[in-house]
Each structure stands twice: as C-alpha cells, then as structure tokens.
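> Order-wise, the sequence lines are chains F and L.
Numbering follows numbering that gives the first Met the number 0, with no gaps: position 24 of the first sequence is 23.
Numbering follows numbering that gives the first Met the number 0, with no gaps: position 48 of the second sequence is 47.
Because the hints were derived from the structure by calculation, they are not lab data.
Everything numeric in this text was worked out from a predicted model, so none of it was measured.
Ideal Cβ positions, reconstructed from N, Cα and C, are used throughout, including at glycine.
The reader is advised that the hints may include incorrect statements.
[As the list claims (entries may be wrong)] With a straight-line Cα cutoff of 20 Å, these simulated DMTMM-like cross-link-like pairs (lysine to aspartate or glutamate) come out:
hint: 1; chain 1: F; residue 1: LYS14; chain 2: F; residue 2: GLU2
hint: 2; chain 1: L; residue 1: LYS151; chain 2: F; residue 2: GLU2
hint: 3; chain 1: L; residue 1: LYS90; chain 2: F; residue 2: ASP8
[Claimed, not checked] Negatives, chain L to chain F, calculated, CB over 12 Å:
hint: 4; residue: TRP3
hint: 5; residue: ARG16
hint: 6; residue: ILE28
hint: 7; residue: PHE35
hint: 8; residue: ASP144
hint: 9; residue: CYS145
hint: 10; residue: LYS149
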Amino acid sequence: MTEQLKAKDDQLAAKDELIKVKDERIALMTANRVDLNTVNTGDARMLSACESQLAKADAEIHRLRYPGFLRSIFDTRTLTGAVVGFGLGRVTK
Amino acid sequence: MITWLLKQLDNIPQPYRTIVRWGALVVAIVAILALFNQVRACGYDKARRDYEDQSKAWATERAILLGRVAERDKQIEQLQAKEAAIIAADKAGKKLDDDIANKIDAVTKAAAEESISTDAPTDCWIRGDRVCAKLRSLQPPITIDCDAYKRKVCAP
C-alpha cells in the first residue's frame, strides 16, 4: 500500500514537472506570438510606406519626363538651343 | 537698387533696350521656375530620406525581434526535449532525482542545440522524430518511447 502511494506520488511529481515545463513552453510561445505579431504589423506598415514612396517616385519621374508646356519653353536647355540656333543662323547667313 | 537698374536700362539705346528687357523677363521666368522645381525636388528628397531612415530603423528593430524569437524557439525546443524525457521517466516509473534530472538537462540542452542548428520551420511530428533520435543517440538514463512522446506532444 505504502509503495503504491509512493509510486502515485512519483507519478504526480512527474506530472507536476510536466505541467511546469508546458507552462514555460506556453509562456515562451505566447511571447513569440506577440513578437511575431509585432513583426507582421511592422512589415505591413513598411509595405504601405514603401508603396507610398513608389507612388511618389512615379509622380516625380512623370513630372521630370513631362515638365509641361511653360516649363519646357523656359527650360535652360531649350533656351541654350535657341541661342545656339540663333547664333548659327546669323553666322551661316 | 531696382531704381538704379531701371535708370541704367533707360540709358541703353533702342532696340537693345527692348532686347535686354525681354532677356531679363526670360531670365526671371527661368529663375522662378527653377526655384519652384527645386522646392518640389527638395520635398521629394526629404520624403525619400525619411522613408529610408524609417526603413533602416525598422530593419534593426525587426532583426532584434526575430533574434529574440529564435532564442525563445531554442528554449522551446529544449523544453520539448525535456518533456519527452519526463514522459519517458514517468512511464518507466523512475523518480526524477537530482542526478537523473541533471543528466536529462544536459541531454535536452544538447538535443535543442542540435535541433536549432539545423532548424527550419518543420512539422511537429518531424521535429518530434528529430528530438527523439537525438535523445536516443545521447543515451539518456531512461528509455525514450518516441511514439508515445510524439502522440502526446503533437496530438491535435
């Protein structure tokens, strides 16, 4: 009888130990889930920031590629071309 | 200054005065447009720099978080191996005295190290197999019943 009780005590001690280990594991997994959720949220935030930056870059490229009528007339390259063209016209006249 | 310039302009004979006036107008328009362009470009550059700073800060924070997760994964592996050992000890009816507990700790630590060094996200059963195989190869003071352990840990 005493031996049976001792065996049961041992079994209970093992179960207690197992519960303790599982509790520890759960705590670690919970902490991991929190950190991974933070990573996922941050990734989503950065993805949206990246998309917004890409949109801005696209707008900048478009602005540089198509500067508009007024700006292309008064562009320094256009003016340089005009002056050079005028000068060459005078020389070859 | 402007009055002086206008006075100087009046001293220039025609038709050069008109040419100079038109030239000044063109230069003024070019300067205004260039300034406007510069302001817009500065706005874009600033936004870009802000984004890059934010991106770098997040990369650092992300690395720290993932490092912590990896560290905890290692501990989880260790606990998983410990669980296997406890279940086996319980099944064998062996009391976990200090000597056995120390041996189990050493064995589970080694098993976790081994498991983490080759780790990739894997299925629970495969991980269980790996843990058991490692435990068995390290010859712990108890017999590990792998199937029972995997059933217990991986059962849905």
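> Are any of the numbered hints broken by this structure? If so, which, sorted upward?
Structure breaks hints 2, 6 and 7.
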